[in-house]
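J.: Below, each chain spelled out in residue letters.
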Amino acid sequence: AQSVTQLGSHVSVSEGALVLLRCNYSSSVPPYLFWYVQYPNQGLQLLLKYTSAATLVKGINGFEAEFKKSETSFHLTKPSAHMSDAAEYFCAVSETGANNLFFGTGTRLTVIP
Amino acid sequence: GAVVSQHPSWVICKSGTSVKIECRSLDFQATTMFWYRQFPKQSLMLMATSNEGSKATYEQGVEKDKFLINHASLTLSTLTVTSAHPEDSSFYICSAAEDPGQPQHFGDGTRLSIL
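As you go down the protein sequences, you meet chains A and B in turn.
The numbering of the first sequence is this note's numbering, which starts it at 1 and goes up by one.
The numbering of the second sequence is this note's numbering, which starts it at 1 and goes up by one.
So here's chain A without its partners, still in its complex pose (with noise of 0.2 Å):
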């Protein structure tokens, strides 16, 4: 059975801060790891993947995440935080690839002037 487990569900930092979402997952079988981003009201748009290639993942917008087998994580990060950042993030897991992707409950990502 595969799930996700997105530690804190709100999350604030300053503007020009670093960010770190934090997601740990469970799988019986090598898993496909996704981020998503929804701003208010929008659905979702993906951040960026991991399918078994590289262990860290460059996304968009400055995003990136590392793939740690051993602590069964794939912490999402970035630098810098920016304003525009500020939105829900989800971290989701398959073990099929791409399709039936079981989500974590989302972290809500607040970034303060």
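In short, the hints are calculated from the structure, not lab data.
Hints are supplied without guarantee of correctness; some may be wrong.
Said to hold, decoys possible - Facing chain B, according to a computed beta carbon distance under 8 Å, are these residues of chain A, among others: (1) N41; (2) Q42; (3) K49; (4) F90; (5) L101; (6) F103; (7) T105; (8) G106.
Claimed, not checked - Simulated crosslink set (DSS-like; lysine-lysine; CA at most 30 Å straight-line): (9) B/K41 with A/K49; (10) A/K58 with B/K41; (11) A/K68 with A/K58; (12) B/K55 with B/K20.
If you're wondering where the values come from, they're calculated on a predicted model, not measured in any experiment.
Ideal Cβ positions, reconstructed from N, Cα and C, are used throughout, including at glycine.
Guided by the hints, dock chain B onto chain A, whose structure is given.
T.: This is chain B only, laid out in the frame that chain A set:
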């Protein structure tokens, strides 16, 4: 590229009516489309997966007679909430993928409010 359009973005209707939500892939052909439901401040819950030309596969606990899904073409899937009631009020999001296993591209969602 890979734009998914969902319509309407917001709908308010009376209890007992049926509501149809459209999901279109604008610049690609989607063999697979997904329908999600999202409650306030919660994650997305997959309702059903539809493949073009075949019946949708519903997740456990989702009433197929309540939520009718049609995927008649490679660019269009529709979700019809039949005889909607206030408890059906939610944010419904569709996504589409060119092929199984390819990344899903999401629409902007439809906020459904049943009075």
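J.: With reference to the structure, classify each hint as holding or not holding.
T.: For each hint, the structure was consulted:
Among the interface hints, the one on A/N41 holds; its C-beta lies about 7 Å from the nearest C-beta in chain B, closer than the 8 Å criterion. Interface hint status for A/Q42: upheld, as the beta-carbon distance to the closest one in chain B is roughly 5 Å, under 8 Å. With its C-beta approaching chain B no nearer than about 6 Å, A/K49 sits inside the 8 Å limit, and its interface hint holds. A least Cβ separation of about 6 Å between A/F90 and chain B falls short of the 8 Å threshold, and the interface hint therefore holds.
A hinted interface residue such as A/L101 counts as satisfied when its beta carbon comes closer than 8 Å to some beta carbon of chain B; here the least separation is about 7 Å, so the hint holds. Evaluation of the A/F103 hint against chain B yields a held restraint, the C-beta minimum of about 4 Å falling below 8 Å. The interface hint given for A/T105 holds, since its Cβ lies 5 Å from the closest Cβ of chain B, which is under the 8 Å cut-off. For the restraint placing A/G106 at the interface with chain B, the shortest Cβ-Cβ distance is roughly 5 Å, inside the 8 Å limit, so the hint holds.
Proximity of B/K41 to A/K49 is assessed by CA-CA distance (about 23 Å); at most 30 Å being required, the pair is judged to hold. This hinted pair checks out: A/K58 and B/K41 have alpha carbons roughly 27 Å apart, not beyond 30 Å. Between A/K68 and A/K58 the alpha-carbon distance is near 15 Å, which keeps this suggested pair within the 30 Å criterion. The straight-line distance between the Cα atoms of B/K55 and B/K20 is roughly 17 Å, inside the 30 Å bound, and the hint therefore holds.
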